[in-house]
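A.B. asks: Line by line, the protein sequences give chains Y and B.
Using the working numbering, the first residue of the first sequence is number -19, and each one after it goes up by one.
Using the working numbering, the first residue of the second sequence is number 1466, and each one after it goes up by one.
Derived by calculation from the structure, the hints in this document are not laboratory data.
As the structure is a computational prediction, the values presented were derived from the model and not from experiment.
Beta carbons: idealized from backbone N, C-alpha and C, even for Gly.
You may find that some hints are simply not true.
What the simulated footprint calls covered on chain B by chain Y, stretch by stretch (three residues with Cβ under 8 angstroms from a Cβ of chain Y suffice, anywhere in the stretch; the number is not a length) [claimed, not checked]:
| id | region |
| --- | --- |
| 1 | 1532 to 1542 |
| 2 | 1659 to 1669 |
In silico EDC-like links for lysine to aspartate or glutamate, alpha-carbon gap of 16 angstroms or less [claimed, not checked]:
| id | chain 1 | residue 1 | chain 2 | residue 2 |
| --- | --- | --- | --- | --- |
| 3 | B | 1689 | Y | 22 |
| 4 | B | 1871 | B | 1912 |
| 5 | B | 1542 | Y | 22 |
| 6 | B | 1495 | B | 1891 |
| 7 | B | 1689 | B | 1738 |
| 8 | B | 1689 | B | 1759 |
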Amino acid sequence: MKKMIEVLWPSFLIAGLAEIVFFTVVNPQELYFFGEPVRVSDLATYSIGFFGFWLVCAASSLTTVFFQRGADEINHPERYRDS
Amino acid sequence: MSDPAPNRSAAPQASAAPAQEDSLYAVREKVYVRAVSGLFAKWRWGLVWFTQILFYGLCWVPWNGRQAVLFHLVERKFYIFGWVFWPQDVFFLAILLIISAYALFFFTAIAGRLWCGYACPQTVYTEIFMWIEQKIEGDRNKRMKLDKAGMSGRKVGIKGLKYGAWIALSLWTGFTFVGYFTPIKELVAEALTFSFGPWELFWILFYGAFTYLMAGVMREQVCKYMCPYARFQGVMFDPDTLVITYDNERGDPRGARKKGVDPRAIGKGDCVDCGICVQVCPTGIDIRDGMQYECIGCAACIDACDQVMEKMNYPKGLIRYSTENAVKMHWGMKEILAHVMRPRTLIYGGILTVITIAFLWGLATRSPLRVDIIRDRAALAREVADGYIENAYRLQVMNMTENPRKFVLTLEGADGLRMVGPGTVEVPAATTQAVTVQAQIPYGSLEPGSHAIHLSVAAEDDPAVRVREHTTFIMPQ
Ligand code: SF4
Ligand code: SF4
Chain Y
-19 MKKMIEVLWP
-9 SFLIAGLAEI
1 VFFTVVNPQE
11 LYFFGEPVRV
21 SDLATYSIGF
31 FGFWLVCAAS
41 SLTTVFFQRG
51 ADEINHPERY
61 RDS
Chain B
1466 MSDPAPNRSA
1476 APQASAAPAQ
1486 EDSLYAVREK
1496 VYVRAVSGLF
1506 AKWRWGLVWF
1516 TQILFYGLCW
1526 VPWNGRQAVL
1536 FHLVERKFYI
1546 FGWVFWPQDV
1556 FFLAILLIIS
1566 AYALFFFTAI
1576 AGRLWCGYAC
1586 PQTVYTEIFM
1596 WIEQKIEGDR
1606 NKRMKLDKAG
1616 MSGRKVGIKG
1626 LKYGAWIALS
1636 LWTGFTFVGY
1646 FTPIKELVAE
1656 ALTFSFGPWE
1666 LFWILFYGAF
1676 TYLMAGVMRE
1686 QVCKYMCPYA
1696 RFQGVMFDPD
1706 TLVITYDNER
1716 GDPRGARKKG
1726 VDPRAIGKGD
1736 CVDCGICVQV
1746 CPTGIDIRDG
1756 MQYECIGCAA
1766 CIDACDQVME
1776 KMNYPKGLIR
1786 YSTENAVKMH
1796 WGMKEILAHV
1806 MRPRTLIYGG
1816 ILTVITIAFL
1826 WGLATRSPLR
1836 VDIIRDRAAL
1846 AREVADGYIE
1856 NAYRLQVMNM
1866 TENPRKFVLT
1876 LEGADGLRMV
1886 GPGTVEVPAA
1896 TTQAVTVQAQ
1906 IPYGSLEPGS
1916 HAIHLSVAAE
1926 DDPAVRVREH
1936 TTFIMPQ
């Protein structure tokens, strides 16, 4: 549970920031998706954009958490099952 | 975080002690916050009312036939009373963020976590949620008893009522939140027929759930583990910062005693060790252990302790707003106030003032008209009838006011330069209008190559509203 929050929360914050910066500069009307203009509603574009950012940031956090494990945790994973 | 040992050792403990719940972050003892009244509680509630009337109310205020405050995502325009902001105004947003940051530094340096204690949405919503809890489940002792009691119809009823009230409030909060991003009138119409757009509904539920989770479940854990400000606020403190302080010298040694007994006569300090300051603390700490990063500066313990002191007929202020230096050197309020002005606060305050003035100045002189010129790349120059060379330009004319306006276009900067077309453009309120302008110059009257010309756009009703843009005219060989 703790690890899950460690992954989801910081990525949520940064995704929010990224979303604001990105869509201030980019108009969803002018986006292209595989060469096709994006045809979903603007609200949907914003929302999908946010979750996209969240996903990417979460992937980064997940990697951090993954590499953070100490030698002991890798050698004896059974002692660390709780989270 | 990197050391999982405490987690491990605590795990078996959690099952042994029912008061502890193995909660989101660490093993967490559920905090049963005791309600408190007093001067600072009044301040806190005043700010709860103020911020929440603002939040729940402002989205309903009409202005010029539209919502007064609306961050219209689909139109990509922010309406704030008389102002309309466009994505091009992101500069103002950035400055506003900087101002907020400096204001936070400034107030933190002077009086610690004022923001946390009185204004942060986390505090405010937790306060409201706890108030509901208190009204439905009763005071602290009743709540603890209820949680310990086995399942019964009564318990299910009370808990159900509480969760129901929380959910209702959360949904209302989510609805209000979304009402700042899509016009709330449309939302109401959609709510009546329950025909929300999928994403609108999604965000109402998402923000509602978020509120519920933060204020109903996580509470002090947000401040302890999730809040970035809580982590770095310490660097803005110095020994002259006002913080909530327990007066060790006066309070210790602590201990129970009968009313009317002179504490000095029995070798004790003023603290009667009733523990009420701990019970009222929303983060569940004991302020008597000294300054701790968990303390959000809500001053609940001050109110609580003052009431006890009053009952005991001791002077108030065993726990009070004070500074590290003041406690050490036994300063009174006068000396404390004299130390408010110090390099740190003067620097923060100075920067804050300068940026704020610049911001206001920028806002006041913000042009209500904006023009972008896009050169027609496909055909830079072409020959037209009677020996003229024509260049075409596409203009984006942005009328940033809320009234439709007519603009006059003029070209200047080269001999024989003339403009083809109507020469005016009407732009509806708060919109961008694209126009094409053709400039013509007789062939041979200029050297071949590129020449600077100017294009002016001016409001017909107010020539002072004028933009002069620089562009180029290409004369072919
Ligand atoms: S610690 Fe963070 S979340 Fe908690 S009250 Fe302060 S600013 Fe708000
Ligand atoms: S110690 Fe006092 S001021 Fe600090 S959070 Fe607890 S009750 Fe509030």
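A.B. asks: Look at each hint and say if it fits the structure.
C.D. replies: Outcome of the hint check:
1. Remark: the region 1532 to 1542 of chain B is confirmed as covered by chain Y, as 3 of its residues place a Cβ nearer than 8 angstroms to a Cβ of that chain, reaching the required three.
2. With 6 residues having a Cβ less than 8 angstroms from any Cβ of chain Y, the region 1659 to 1669 of chain B passes the three-residue criterion, so the hint holds.
3. Under the criterion of a C-alpha separation no larger than 16 angstroms, the hint pairing residue 1689 (chain B) with residue 22 (chain Y) is inconsistent with the structure, at around 37 angstroms.
4. Taken as a hint, the residue 1871 (chain B) and residue 1912 (chain B) pair is broken in the structure, with Cα atoms around 35 angstroms apart against an allowance of 16 angstroms.
5. Note on residue 1542 (chain B) and residue 22 (chain Y): the hinted pairing holds, with a Cα-Cα distance of about 13 angstroms set against a maximum of 16 angstroms.
6. Under the criterion of a C-alpha separation no larger than 16 angstroms, the hint pairing residue 1495 (chain B) with residue 1891 (chain B) is inconsistent with the structure, at around 64 angstroms.
7. Distance check on the hinted pair: residue 1689 (chain B) and residue 1738 (chain B) sit about 26 angstroms apart at the alpha-carbon level, beyond 16 angstroms; violated.
8. Restraint check for residue 1689 (chain B) and residue 1759 (chain B): satisfied, since their Cα atoms lie roughly 6 angstroms apart, inside the 16 angstroms limit.
The structure shown violates the earlier hints numbered 3, 4, 6, 7.
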